[in-house]
Structure formats: structure tokens, C-alpha cells
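With the hints as extra help, turn the sequences into a complete structure.
So the sequence lines, in the order shown, correspond to chains A and B. Under my numbering, the first residue of the first sequence carries the number 2, and numbering increases by one thereafter. Under my numbering, the first residue of the second sequence carries the number 2, and numbering increases by one thereafter.
Hints in this document: simulated from the structure, not taken from any laboratory. Computed from a predicted structure; not experimentally measured. All C-beta atoms in this analysis are idealised placements derived from N, C-alpha and C, irrespective of residue type, glycine included. Hints may be right or wrong, so weigh each one.
Stretches of chain A that chain B covers, calculated by requiring three or more beta carbons in the stretch to come under 8 Å of a beta carbon on chain B [claimed, not checked]:
1) 52-58
2) 79-87
3) 93-102
Computed Cβ-Cβ distance ranges for the label pairs, DEER-style [unchecked claim]:
4) A/Ala326 to B/Ser16: 25 to 31 Å
5) A/Leu28 to B/Asp49: 27 to 33 Å
6) A/Asn145 to B/Asp108: 22 to 28 Å
7) A/Asp53 to B/Asp49: 15 to 21 Å
8) A/Asp237 to B/Ser16: 40 to 46 Å
9) B/Lys224 to A/Leu46: 42 to 48 Å
10) B/Ser3 to A/Gly284: 51 to 57 Å
11) A/Asp237 to B/Glu21: 45 to 51 Å
12) A/Leu46 to B/Glu190: 31 to 37 Å
13) B/Pro186 to A/Thr29: 55 to 61 Å
There are 2 protein chains.
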Amino acid sequence: MSLFVQKFGGTSVASLGHIENVARKILTARAEGHGVVVVVSAMGLETDRLDDLAREVGISDPAVNREVDVLLSTGEQVTTALLSMTLINMGCPARSYTGGQVRILTDSAHTKARILNIDVSRLRSDIDTGCVAVVAGFQGVDENNNITTLGRGGSDTTAVALASILEADECQIYTDVEGVFTTDPRVVEGAKCLSRVTFEEMLELASLGSKVLHTRAVEFASKYQIPMRVLSSFKDVEGTLITSEDENMEQPIISGIAFTRDEAKLTVLGVNDVPGIAWRILGPISEANIEVDMIVQNVAADMSTDFTFTVRRDDYDQAMKILQAVAEDIEAREVSGDNRIAKLSMVGVGMRSHAGVASRMFEVLGNESINIQMISTSEIKISVVIQEKYLELAVRTLHSAFELEK
Amino acid sequence: MSLFVQKFGGTSVASLGHIENVARKILTARAEGHGVVVVVSAMGLETDRLDDLAREVGISDPAVNREVDVLLSTGEQVTTALLSMTLINMGCPARSYTGGQVRILTDSAHTKARILNIDVSRLRSDIDTGCVAVVAGFQGVDENNNITTLGRGGSDTTAVALASILEADECQIYTDVEGVFTTDPRVVEGAKCLSRVTFEEMLELASLGSKVLHTRAVEFASKYQIPMRVLSSFKDVEGTLITSEDENMEQPIISGIAFTRDEAKLTVLGVNDVPGIAWRILGPISEANIEVDMIVQNVAADMSTDFTFTVRRDDYDQAMKILQAVAEDIEAREVSGDNRIAKLSMVGVGMRSHAGVASRMFEVLGNESINIQMISTSEIKISVVIQEKYLELAVRTLHSAFELEK
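Here it is in C-alpha cells:
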């Protein structure tokens, strides 16, 4: 008998019909002899409804954050009750838990709390007596019993944290997709569902816009070595297993191609190449809460260099305004920018031992006359920035050149 | 400075606009120097929505009751968060509490739990620091921290219980009416809002269908001598104060006329007048969970008597079926019934010292040729059953004959 933590997201519990479907998934795992602890999100539209209510009342004053958490946390609580009722009506003992009832102890950073500790004594006793514990994801309580929420990707984090402390055999994340794909199937018809990826690869894919899992949950699972599985609530598929790299694991050179469209790039030209200059450029950007992604600085020629970085497209106008003031301040020649770019990344642990990946990638793009505007690499990733209009062509061509459909 | 517990029901918090209105009421009380602890119900339509969800999943198995409570309790939690946010945005410190956070300790009778104890330490500290505590009505937790709900009238009960333990000066129940009326203003144009009634009168009025307050909350307030006030969320009125009878209180003979339409009456004719016969008739009725209201048995003649009682009109058919079997069993002559009757009651503590009320009442009804089918009296109440079609006429005539509009 294995112990699974099964997490069902908002689209998987969107209606009572969906919840029945989820209940049947749980019954199947139990019929196969496995122990199950369940984590649920709020029903799809419920999150939006509560979010809208909060915004209508006004959330600009951080003093209301405690109450926003009280409001939002009801969404998951509703799902735990409905799923438990459904299981009981199907003859399966079940019991719901709020974050506070479990007790999932967090810090007091309302709307973005971090889990500090979980008391699993009640859940263990449920496992022992064959009762399905249905835990509200995304929420906890601080040491004064104030309700907190975990921010984006919170329910996945709850599931992984529970799996870790319960020493579960797998943390199964049920979603509306079949698993992690080599790339977005909407762009490349031949995109293939991966049977395994490593935590490292998943982290790169997640941070690069593959929306299946939130980076935070993957980091957590990686840190505590919890095998995760992404699988579909709607189809009976094996999904994708996410684990540590091991010797027996077949290592494809490239696991997948991720991309994001909503990028913009800004360049400060003719910057004096003196120590501290990068900070003088990026400091004001970061103070404005604009997230910077890729940063490239070329080798200086004549004590002068060009400094380029990318931001989310939404932040482009504000970043440009800030940079123009900065440029004047540091006596740079000029600021240029482009908000019609896209980032494409190839990810794979096999890349470590295959130096040729980058050159092959550049060759393939060159053959299609796609100009590479920026390059950035990590041990298991190569990212390039290209003109947005070439994105689909680039993804399809690389997917096929690296034989990912096989 | 006084301390008020203010309770706002579902219609008073039906929308964000309503909640803003409630916040202004609270700010007014504070501006006048009073301390305020607030109890709220779920937003009007929210209760229905959650109820519908529960029914759709299926609530016939009592094993789901624990989960029904988890589901329903989210309704009040949402309101506490929204009202606290609104107060904070208006510059008033506020903090929401679930029943579990306060800690309102109840027994474990899910969906109809009873309050055992309330820890008011956090609320006291809020009162001391000038923070408005906004407590979710209708809910608590049992000793194992399972969420419970208090059943019908639960939020009123929460408010009265809090007022009692906090030794508040008044428990103010805000509703969508201006107070307690001498009778239903929809039936008698001249119906008057009472400035004061006693607990006893309010109990009789509430149990007789005056829907302003639930019997349970009034009993509680009466037991612990908590002055209650029923007043309007929408109009600036004094409302009705409900207190113990005191010497200075002006004692009108009659305070009000209550009535219910949804009654039915059943008579077993020709019953052997032997000990235990009432139980043999009513036992099967009560086993079928049919509530019996008035019971009248005439003096026996020839060892044979007629036994009459009233039930809710919805239960009439079932009760008739049961009675027919019973009648055969106890060899009664026959069973007759009428489901087009109404009950009308005159209530007033002044009645105690005025023997003439009943005869005056019968005279007034007789003058209008309204036949009285059953009579039942208590110390401060006279109830009669009449044909339903005469109900409005009877209420109007009595209201005027006893000068209640003055």
C-alpha cells in the first residue's frame, strides 16, 4: 500500500459534477489499496467571485490583508465540505479540514504566507482508520490563529508540504492537462507528454511559463525529495512524474521548449563601464516593483557598454519612463526598447554533457532567418529572445530539429 | 459609555451597499462613545446558494451533517471579512472572527448545536483597544475543533450569548422591520410599533409566528436578563426594547395580536376516556416527527370524549393517515379534520390582572359572527382557532376593539 497526497485544482472541482468525478478518482486509488489524503482548491468560478468582492470593497490598504485572507479562504473550505459530502454519500468515510483545523502553521504575512510547520496527527489517524482527509489548500493559520493564505500556487504548496511531512509516496497534482509536454500542444501539434522530468527541468519549465505547476511547489518538492506527478482529472493517463535525477533515468538531451510572449526588452546604450553602474540602472526599476528577467551586458569597448534587460510587457511603459530619467542621470547615450519580443527556452538536464546544443539551436534558427536578440544560458537551459512574430515558427522548427515528438 | 452587541441579519448585509450602510451604523454608535461588538449573518442570497449546493449533493445521510456545517459556516465568514474590510477602509479598526477563532464552544450536535461556553478574551482586548470585533453568527466549534452550526435563529443566539458573557448594556438585533408591532402591518393598517415588550410577551409573539426574533434567542436573553432591542437597519428608529417586566413599566393589557395561517386541525371523535389514551393518539404522531401545537380534550360524557389537536398544514395529510390507523386501533368512532383554519392569539402581561380579556375577545368575535373552534389559554395569552377566511377580519376587529393603534 502506498500513500498518495492528491491535489485537485480549481478546474477539477469547478462544479458538483466535477467534484463527483474527483470522488471517483479517489475511490479508484483506495480500491487499489492506497491511502489517500486530498488537497483541494476553490471551485473555479468561486475564486473569481471572492476576488471580485474583495476588489469591490477595496484592497489597496494593506491593513485589510488579514480580512482578505478570511474571505478568500472560504473558497477552499466550501470545496472540502462538498467533496467530503460526496465521498460520504458514495459510502466512503471522509472528513474535511480547514488549514487551521489541520493545523497548518504559517508566518503572519497575510496573502503571501509561508508554511512553518504542519501538525499531521489528525490526518495520520484518518489514514489509519481508512478515512479520507480532505484538506483545504492555499490556507493556514499563524501562531495567533489568524487565517492566512499562501499566495499564488498555494494549493500545490500545501499538497507538497503535506506529502513531505506525511512521507507520502507521491504528491499527485491533478490538473486539466495530461501532464508536462515537450512544448505547448497548441503551438506544436506533435508536442509529446513527458513520462518523466527532473525537478531542475520542471523548475526551469515552470519559471519559463509552463503553467502546469507553480515554481514554489516544485522547489519545495525538490528540497524535500517528494516525487510529484502531474496528471489529468479528466483522462485516465499516467501523467508526468517529477523526481530527482537518478542513474537509471533515461536522459534526453532536451526535455522541453518553454516560451513566454509577454516580454519586453530595454537597452541603455553608451553606458560608462564603471563599477556600480548595473545597480544604478536596475535599482530604480526594482524599487518600482518591476520584475527583471534576463540581463545581458556586453563586453565594454572604449570604456562604454550597452546594458539590456527584459521585463513583463505590462511594465514596459513604466520601465521606459524610469530608464530615461536614469540615462540622463548616468550620462548614457540613449535608451531603446522593443515590446514585441518573445523568449524561448530549451530545457534539459542532458544538456550538461552535450556542448553542441547551443550551436545546433542557433543554426536551426539561423536557417529560418530568425534573428537572435539576446542569449542567456544556465546549466540545463538556453534562452533566446527573438521577435515575437517568429515565435511559433521557432518553436515548431526546434521541436522537430531536436526530435522531441519522438 | 455603553457596550452594545449589534447583530445584523441576512437582509441587512445582502450586498456590499448594504454592508456599507451597516458600517455607518456601527460608526455612529462609536461616535456616540459606545463600545461595539458585531455579529453578522450570511449575505441574504448566500445562505440560499449554500443550502442549494448542500441539497444537490444530498443531505439525507446524517453522516454528512459535519460537512454541511463546514459548508454553511462559510456564509457568515464571508460577511465578517467584507464588513471588517469596509470598516478598515472607512478608517475604523476592525477584526473578523469565526466561531472557532472567538472560541464559541458548542456541543457536537451538528446543524443544531448548543452553545456551551464562549471565550471572550480576544473580544475584550478588542473592546479595550477600540477595535470593532466582527463575529460570525450561527457557528461555533466543538471540543475537537470541529465546526458546528446552531440551527435556525442561530445568529440571534450568538449575539445574545455574547451580550450575556460580555455583560453588554443591550443586544441590538438589526432587521428589515422597525421593531415589534401590535400585529402584522400588512393586515392592519393601524398596527403600531411597540416601544417596549417583556421577554414573556416576546416569547409568545415569536412562537406564534411573529418572525422578528427566534424563540431560542429570546429565551436565552430572558434567562440571563439581557435587554434586547429590535430595530431597523434601514431607518433611524428607536425600535422595540425587550426587557424584564419592571414596576415602572407601563403595562398595557394587550401588547399584540399574533396569528398563523398554516395550521390544520384533527379530531378523533368518540374516544374511550381511559388513562393513557392521549399518548396512544399522539405517540404515533410525534414518532412521525409531526409537531403538535394546540391540544384540546373536552370533558368526557358517557366515558367517551373527543380529542382535537392542531398541526402544521404541511403535515395534515400524513397526520390524518396516521390517525385513521390509530382510531381503528383504539376503537374510536371516527376522525375528522380541517386544513383551512387559522390560529389567532392575543398576548399581554397585563392580562394576568384583567380577567375580562377573554370574554371581551369572544364577544368581539361573536359580534362579527366568527365561530371559535378551539380555545387555549396561558397566563399572558389567549389563542383561538377560527376558519381561515375570517382571519383578517378577526385581527382588524380585535386590534381596534382593544385600541392597540393608540
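Q: Go ahead and decide if the range 31 to 37 Å is satisfied by the Cβ distance of A/Leu46 to B/Glu190.
A: At 46 Å between Cβs, range violated.
**Q.** Range hint 42 to 48 Å (beta carbons of B/Lys224 and A/Leu46) holds or violated
**A.** Cβ of B/Lys224 to Cβ of A/Leu46: about 45 Å, so the range 42 to 48 Å holds.
Q | Coverage assertion for the stretch 79-87 of chain A with respect to chain B, Cβ distance below 8 Å, three residues required | A | holds (count 7)
Q) How does the coverage statement for the stretch 93-102 of chain A fare against chain B, requiring three or more residues with Cβ below 8 Å from a Cβ of that chain? A) Since 6 is at least three, the answer is holds.
Q) Does the Cβ-Cβ separation between A/Leu28 and B/Asp49 fall within 27 to 33 Å? A) holds (31 Å)
Q: Return holds or violated for the Cβ distance of A/Ala326 and B/Ser16 against the range 25 to 31 Å.
A: violated (45 Å)
Q: Note whether the CB distance of B/Pro186 and A/Thr29 lies within 55 to 61 Å or breaks it.
A: Taking Cβ atoms as reference, B/Pro186 and A/Thr29 lie about 59 Å apart, which means the hint holds.
Q. Measuring from beta carbon to beta carbon, are A/Asp237 and B/Ser16 in 40 to 46 Å?
A. holds (44 Å)
Q: Starting from the hint 51 to 57 Å, judge whether the C-beta atoms of B/Ser3 and A/Gly284 obey it.
A: holds (55 Å)
Q: Using the Cβ atoms, figure out if A/Asp53 sits within 15 to 21 Å of B/Asp49.
A: 19 Å Cβ-Cβ, so the 15 to 21 Å window holds.
**Q.** Coverage assertion for the stretch 52-58 of chain A with respect to chain B, Cβ distance below 8 Å, three residues required
**A.** holds (count 4)
Q: Starting from the hint 45 to 51 Å, judge whether the C-beta atoms of A/Asp237 and B/Glu21 obey it.
A: holds (50 Å)
Against the hints set out earlier in the document, violations occur for numbers 4, 12.
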